[in-house]
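Engineer: Chain residues, written in single-letter form:
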Amino acid sequence: MTDTLHARTQEAPASIDAPDRTRKARKRSTYPMWFYAPAGVIYGALFVIPTFASFYFALTRWTIFDSEFIGLENFTTFFAEPYLFESLLNTLFYATFTSGAKVVLGLLLAVFLSSQIIARGYLRSVVFFPVLVSAVGVGVTFSVLMDPFDGLINKALAVFGVEGPGWLTDPDLALFSVAFVDVWRGVGLATLIYIAGIVAIPQEYFEAAKVDGANAWHRFWHVTLPLMRPATTTVIILSLIGGLRSFDLIWTMTKGGPGFSSDVLASVVYKQYQAGFYGLSTAGNVVLFVLVAAIIIPLFWFLNRKEVDQ
Amino acid sequence: MSTAVQTSKLNRTYSRLGGLAGIIVTAVVFLVPFAFIFVTASKTRAEASLLEFSWPTEWAFVENLVEVVQSRDYILITAFINSTILTVGSVTIMVVVSAMVGYVLQRRKSRWNPLINFLVLAGLIVPPAVVPTIWVMQGLGIYKTLHGLILIEVAFGMAFCILMFRAFVSTIPRELDEAATMDGAGPVRLFFKVIFPLLRSVIVTVIVVQSVTVFNDFQNPLYFLPGDKGATVQVTLYNFQGQFSTSWNLLFMDILLITVPMLIMYIFFNRQIVAGMTSGAVKG
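If you read the sequences in order, they're chains A and B.
For this note's numbering, add 181 to where a residue sits in the first sequence, where the first one is 1.
For this note's numbering, add 1 to where a residue sits in the second sequence, where the first one is 1.
Chain A on its own, in the form it takes in the complex (with noise of 0.2 Å):
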């Protein structure tokens, strides 16, 4: 009964003609709306209402079981402590490097790698395998690798006579260390989406270069980089989005230490929860959630719009 209902209402727009439009009214539709029901149903209950409730929850002092509405505080003790500032810094800077050094790397890799050079197959998988590697197996992999004294690296740049930092005990440095293993195990991905990209375009357009004389840098500068754009934009939303949540590669390298010179969003709301204020862990997802918004949202906008311009 409801289904029929639904279908006048939702079909009625799409058809054409009149009677059309009785017909299919009087049917059960072929593509019920129901189909939508168990996957809303779930995404609804754990998605969109917590997302929703949030906005309320990071207004209250808050205890699981009950909550006290007060205000803005939350937001005004973000803002106010200096560390929990910083965390939003630190996440601005992560995601900024680690998705730049993913594009450049990414597409420098990719052009090398679909080149005619041998052991092409085998190299593009060495490359793209620690994506498939968990990030706490890299992280912990690396936080021994990075060891000030026994570690691997700095181990190796003895053998060349210099004296490696304190990859993750120095304060200045812990953020940069761990954003460079995320691009480590990161650069992979957006090689192999930047090898989509160049392989599908037209060998017609590099031959035409070159009967007009390019060489291959010309080649790269005015005919592969300029069709990148599509692939370039994937590359960038999809380690902006992932760079700006990282939590998983920083709790496991640093837990936001030392101090709180590695802290990120993600790692703060943890944090507050773990130390039980629901309030403000809740009010550092907001803030999360509007950075994501604010960053993602116009930058989808202009890079999409950019290519309908040309």
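Among the hints, a few may not be true.
Unchecked claim - Below, a list of computed lysine-lysine pairs in the DSS-like style, where the Cα atoms sit at most 27 Å apart:
#, chain 1, residue 1, chain 2, residue 2
1, B, K230, B, K145
2, A, K436, B, K230
3, A, K391, B, K10
4, A, K336, A, K436
5, A, K436, B, K145
6, B, K110, B, K194
Source of the hints: derived by calculation from the structure; they are not laboratory data.
Based on these hints, arrange chain B on the given structure of chain A.
Structural biologist: Leaving out everything else, chain B in the frame of chain A:
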């Protein structure tokens, strides 16, 4: 004529030198960390504590394997069982419910479509709010349960699957639906008997990509399924990091055990993984 020969010679030199340089650089940057995991996992405790990148003088691979599996009352076995249930359960549900949504969303033009498309995009972008989710789960009585975590993974992974299915359904001709309907198939029969089997290739891709994601997930189990009883392999590894700080051989054996399933996946499903993870690269 001679220039052509020269360029082809030049190309061959580039091909060899470039490939060789690539092999050396990737060996140092990408293979050494994995080799380090392997050799450390094979050493005795005393030798592993030196953290040297060297061939083990005395092989203790099997001993380490046995010890790490037996440690803390076989917690690793529990963890592998939990992770398997979590991965299989959530990916199965995810595939079925997302395929249903992707199919209707592509086929049926309704005024709800913009809203649903918006929700799907939001699912890709919006970071989940942690404590409110726990609050809802407590209300439903599924907090700290494995099936609760399964539903969480479904909710968070759904958006990607829907986009994949919607794109693929658009390549299936509508005439097929019409023919099946003519033959008397209802909407359920049409979807599960006709359309669903045709989605096979994209289903394989979605299964592989989401299995990797769910198996490797650390944050959600940490929040929504705390405690040793329900620990997944990632959380177990994280806990080992603190406890095994003096026995690196066991810690790295654990890392090795967690990495091997992914390696096997990659060897068998290389193509699907690449297709799934790079989808959207060309169309933007």
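Engineer: Each hint needs a verdict: does it hold in this structure or not?
Structural biologist: These are the hints, each one checked on the structure:
1. With a CA separation close to 10 Å, the supplied pair K230/B and K145/B stays within the 27 Å bound.
2. Restraint check for K436/A and K230/B: the C-alpha separation of about 24 Å stays at or below 27 Å, so the hint holds.
3. Between K391/A and K10/B the alpha-carbon distance is near 18 Å, which keeps this suggested pair within the 27 Å criterion.
4. Restraint check for K336/A and K436/A: the C-alpha separation of about 24 Å stays at or below 27 Å, so the hint holds.
5. The straight-line distance between the Cα atoms of K436/A and K145/B is roughly 23 Å, inside the 27 Å bound, and the hint therefore holds.
6. Proposed proximity of K110/B and K194/B is supported: the alpha carbons are some 23 Å apart, at most 27 Å.
Every hint, counting from the list given before, is met by this structure.
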